[in-house]
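Build the full structure now, drawing on both the sequences and the hints.
Line by line, the protein sequences give chains G and Y.
Number 129 in this note's numbering belongs to position 129 of the first sequence; there are no gaps in the numbering.
Number 1 in this note's numbering belongs to position 1 of the second sequence; there are no gaps in the numbering.
There may be inaccurate statements among the hints.
[Stated by the list, open to error] Here are the simulated lysine-lysine pairs, DSSO-like style, with alpha carbons at most 30 angstroms apart:
id: 1; chain 1: Y; residue 1: K160; chain 2: Y; residue 2: K45
id: 2; chain 1: Y; residue 1: K201; chain 2: G; residue 2: K140
id: 3; chain 1: Y; residue 1: K225; chain 2: G; residue 2: K221
id: 4; chain 1: Y; residue 1: K16; chain 2: G; residue 2: K140
id: 5; chain 1: Y; residue 1: K160; chain 2: G; residue 2: K85
id: 6; chain 1: Y; residue 1: K225; chain 2: Y; residue 2: K306
[Stated by the list, open to error] Estimated spans, in silico, between C-beta atoms of each pair:
id: 7; chain 1: G; residue 1: D63; chain 2: Y; residue 2: L20; range: 41 to 51 angstroms
id: 8; chain 1: Y; residue 1: G303; chain 2: G; residue 2: E212; range: 57 to 67 angstroms
id: 9; chain 1: G; residue 1: E72; chain 2: Y; residue 2: V385; range: 42 to 52 angstroms
id: 10; chain 1: Y; residue 1: P402; chain 2: G; residue 2: S66; range: 18 to 28 angstroms
id: 11; chain 1: Y; residue 1: L302; chain 2: G; residue 2: A123; range: 28 to 38 angstroms
id: 12; chain 1: G; residue 1: L119; chain 2: Y; residue 2: V385; range: 33 to 43 angstroms
id: 13; chain 1: G; residue 1: E18; chain 2: Y; residue 2: G303; range: 51 to 61 angstroms
Don't read these hints as lab results, they were simulated from the structure.
We put the beta carbon where it would ideally sit given N, CA and C, even for glycine.
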Amino acid sequence: MNGEVCLSCRDVERYLGEDESRVHALRGVSLDLEPGTIHAVVGPSGCGKSTLLYILGLLDQPDGGSVVLGSEAVSHLPDNELSQKRNEFIGFIFQFHFLMEDFTAQENVVIPMRRMGQLPEAAMCERAAELLEAVGLSDKLQRASRHLSGGEQQRVAIARALANDPRVILADEPTGNLDTANSRRAFELLQRLVQENQKALLLVTHNPAIAEACDWIHEMKDGRIVLTHSRR
Amino acid sequence: MTPPLYIALRFLSHRKRALLLSLSGVVFGVAFFICMQAQTQGFAKYFIDSTLGSNGALIIRSRFEPRQVGSLVPPKTSKTNVAHRQYFEGITNASEIMRVSRQFSDVVSCSPVLRGTLSARSGFENATVDLFGIEPGLHLQTTDLAHQLVDGSFDDFRNKPNTVIVGSRLAETLNLEVGDTVQLLSPGGQYRRFGVAAIAKSGVGSVDSTRIYCHARVAQTLLHKPYPASMIIYKLRDPDRAPALARHFESLFQHDSVSWQEREQNTLHLFLTLRMSAAITVSLVILLAGFGIFNVLTMTVLGKIKEIAILRSMGYQRRDISSIFLWQGGLIAATGSLIGCGVGALMSWSMSKIPIHLRGLLSTDYFVVAWDWHHYVWAILLAAVSVFIASYVPARRAAQLPPVATLRGSSV
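Rendered as structure tokens:
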């Protein structure tokens, strides 16, 4: 891979659990994410895909190796600074969308912007409306997220991940809870948004069709990336 | 509006039942606290006002001289000093003492009183009475006697030396009304007749059930006293300064001086004990409300684990998460205190309208309540501290929740 790298990790090691139940979840994993590229991480359950995602997303810290955001090593920053970086540079999408159920679609998208605190209330609502329009939910801004369908909820989660215009989007099985048609629609939406806005997208998936449509596929096994191949 | 406050408001508005439960605990805790304090302090304040209005803030009584104790050096403690005093009944130079004491800025006015005990008779009723021989003009300036009259006229008393003012409960005992005649038995065994010019009700049981006021010169004749005054009572600008002034007067005039705090020590202690007892009881209600809030917030944290993980993944810091739950407690405390103050004021007002026929230490026909902003401040402070403690533990727990553990629940 060539060009600017917006998020990378080198020789990441991670152990999970303690004492007898201790598992070596990641064994020297290295990865580079460039703007405008989509990376799929595939592999059997328990191979370390999600662990890698959380470490890249600064939600978890590696026991060894480093994570670099842009040009800054971030893996050993204090919790408050990691939170700040997460808010500014990383957007998350989860399998079960993880929306705030009592909040409306628009309020859900505003939450990350509220934390960043750079826009006034009206501007945040306007941006949230634009993002929801981009994912085809302009008519459901004020609907409580619990009253949206699974596909709609996932689209709200996608809009929310883009709220602070992050450099990187990390998606943990974003289509795992959707039917085939909704999976395809959600992925195409992500693909379009990533390419239009020059984001880097790393997604963990079990869906071969989606993995095949990504620019890079990283196959993991027993905490290692055993094979990386490009679809470009 | 900060993000944690916004989220706290949204969380609260979606848990209406839990919110109402927590809120009602604080509201009733604060309201009960205010109402109980208003009531207990009301009675204490009523007693203090009444006793100050009847007996003054400070009293000078018998003259004393140090007792000769040979060559021993007099002990320094005041109690032992008192034991080494020789007292002489009555005040012979009352005018001079009053002239000097009026120079003190704390003194508003003073009045000499010749006091004695004798028997009163009216019809077939007899009673032992506490006779107060007074100078009407001076006594009017020094006490609230004029305001205590429930029947008759002070001017009638002032203008007719052969009239008396009778305490309200004593008047009931002797079946006396204004215009009636009462006979007072002098130590020589002769009855003298007096017209009842007025009936006074101070509110203090011991005063209303025994006291009769007459003119000082009449009292001196009746009691066969060689001196014109047995005590001087004082009205002070600041009754709280009475103990210090009493000590000063005692050393200055060499007369026994007693402040109202010392005079009513036992009753004041009783009221203080009652207030503390009520405060402790009602504080338990507030603490119970705090325990309720602790439970509600703990349940909220458990129910919002997913949301907390989402917020952390979006960049919310640990202190943001704890702030969300502290804000919830703070909002409940603020709203509950505000409503509680209103309800407390309403309850206090309603309480003051409840009729009671109290004729003991105090005489009153209604519950007496004190309107004091300190009660409201204390109630709010107590609620704030209780709710903060109740919110802190769940808030801290929420902040410490590892988001990855929750997020892993969605995938491996």
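* Okay, which hints does this one fail, numbers in order? -> 1, 2, 3, 5, 6, 8 and 13
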